[in-house]
Amino acid sequence: MKFRKADPLMQDLRRVLPSDRVRAAPLERSIMGRDASIFEGGRAGPVCFPISTEEVQGCVDAARRHGRAVVPRGAGTGLAGGAVPLEEPVVVVTTKMNQLVSVDADQRVAWVQPGMINLDLSRALAPHGLHFAPDPSSQQVCSLGGNVGTNAGGPHCLAHGVTSAHVLAVEVVLMSGEAMVLGNPNGWTPGLDLRGAYVGSEGMMGITTAIAVRLTPDPPAVQTLLLAFDSVDAAAQTVSAVIANGIVPAAIEMMDNNIIRAVEEFVGAGFPTDAAAVVIVEVDGLPGGVAEEADRVMEMATARGGSVRRAADDQERALLWKGRKSAFGAIARIKPNYYLHDTVVPRTRLAEVMNRVYEIVEEHELQVMNVFHAGDGNLHPMLLFDRREPGIMPRVHAAGAAIIEASLAVGGVLSGEHGIGMEKRDFMPLMFSEADLDAQARLRRAFDPEEMANPGKVLPTGASCADVNALDKVPEGVWG
Amino acid sequence: MRAPAGVRDFDPADMTVRVGAGTPVTELDTALAEGGQRANLPVTPGATVGGVLAVGRDDVHALGRGRLRDALLEAVYVADDGRLVTAGGPTVKNVSGFDLCRVLVGSLGTLGLVGEVILRTWPRPMSEQWLVGPSDPVELRRVLYRPSSILWDGQTSWVHLEGHASDVESEAELARSLGCEPTNGPPPFPAYRVSSGAVENGGLSGSYLVQIGTGVAYVSEPVLATDPAPAVVALHRRLKSEFDPRGRLNPGRDPLVAA
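Protein chains in written order, with this note's numbering: chain A, 1 to 480; chain B, 481 to 739.
Think of the hints as simulated: they come from the structure by calculation, not from any bench.
Fair warning: this is a prediction, and the values are worked out from it, not measured in the lab.
The beta-carbon is built from N, C-alpha and C at its ideal position, and this holds for glycine as well.
Any given hint could be a false lead.
To be verified - Computed beta-carbon distance windows for the label pairs: (1) Val410(A) with Val558(B): 37 to 47 Å; (2) Asp561(B) with Val410(A): 51 to 61 Å; (3) Arg563(B) with Ala409(A): 17 to 27 Å; (4) Gly682(B) with Asp61(A): 37 to 47 Å; (5) Asp314(A) with Arg563(B): 51 to 61 Å.
With the rest of the complex left out, here is chain A:
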């Protein structure tokens, strides 16, 4: 469909926003048809760039008058296709709402707009000695509204918790056009925890227009360790031993040999390229506990045949983290495309599932690299491939499905931090019964009775009685 200036929906939107902030040119609609996932072929309708809550309400009202769905969108860095528009909805992009509204350093709370970039917030808080704890690997480019949408995690969520634990209140606009605050910036309000229900709802309950985030004091002491092992089993056993012995480090990240070699060539972080796995452990807090815990972690690693290195200063510490966070850049040198998975397994089953991942990848003649949040049991196998190779995509999808099934088989879950979106929507029945999915659909309908917010995601068709807007299947051409 073409959107001409005379189109009644466009006319209504232009009553709400100046014409340079409502766009319907083919190029823009095409850009907004994708996010950072492998899904292609989404179709955006008019693309709106509001700068205030009132403008968001105006966009939602206009869409409702024309019976059109609404897809909220932040920076578009999602990996599960949550922001991919289906059937030409109105796309509401929050990137121009990117201000830090207020900081109360004593009460440890800041109000931010949803388009603010995650890392920009922590940079702005640095003079106060505070930071926002969730630190997704995409933190240089992902927006806080998107973090709320997916209940994002990151390496430092092991000890400090994921986004939900760091959001005190959200101002949202529902599809009725009403704006309201859920939760309380002080930390508690009588009633159901609607704030908690909303965080992680992947744009299917409303549009976030402001967020009251909880601020965490910077730790007085930090130590970063690099542990190297000659087997994945020994690395995984060390991770389990650390936790079982009463230590919860700020972060425990594991990288397997394939990714170690790729990263080392790329950044030269000093990772041992002959190790089967390295584990980066960071402990933070007060100096006494940090020193003792670092010593005990090193002992546990040594007892399991590991070699240990302690970052001597901030520079070395930064280099180790650069190695970890450059993983995605490093793999581009090996294959042009990758498909990053995200499942969680009980920590005690890590080694077993990783070995199963290697078998699956071999069966499908693919390459895999593993770099993940081992402390949480949050696996991130990256399947590498060249999209141009004939017949490759069915193999990539079959291997992905097998990895999901292997994770669920040991008591794991579908997604740890990326969300369900379109990617795992049709896998939901593997984890949830019909009654479970019906309860989730009811929760969503309480917020969005007409199911006009980001339809077609998370819940498989049939989970809901009123599936007017749900799609039978992902439209042709959406699978990349």
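Following the hints, position chain B against chain A.
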């Protein structure tokens, strides 16, 4: 009606425990202590795990240890029509689908009858210490690194420190420099839970205790809460009618009316 009781599936290396909702919280705490761990639930004698979750009151240490609402990973409950529903998932990290567990905590049993839960567990602290004194709670929070609790009754502050013994000692030294002295524990909590905004607004007739940093205060005389926004009330009503259209679950109770 009584929910199943008993602690099952506790592996300290997974930092999770599966427990029947009818289990006394004291029994859960004893079982977890054997593995060197605890859960972020108030250990109230006589209370059950399901009851504590339904009421939704935080443990006194919530400032440092985390909120009760973040402790619940998975809940199996009986819905209004008798169907068994599983909310959430068994692992410490999970974003598979909508977060039903959050609305169950503090729902007073008005959305479903919880039978079994999986909770996140944490290591028990090596060392701990309560202190009390006429110090400014905001100043205590600014100076101390992540204290596990600060309570304030308008004149006196109570502060709880925990962690490595040498850190507790050095933090206690800082608290002493602000006028605090060691004590045995926190004061008794007044009966009624209100938003801490009620204290800031003034005009309370009885005594109060603010749980600093959690947004919660306890007051001895009930106060009329500020009316929530009509849109928020309407959302509560829609949620209740989606989960319990016939009003069968704990009729007469409303989580919006604080107690």
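Check: Going through the earlier hints one by one, which of them does the structure break, listed in rising order?
Finding: 1, 2
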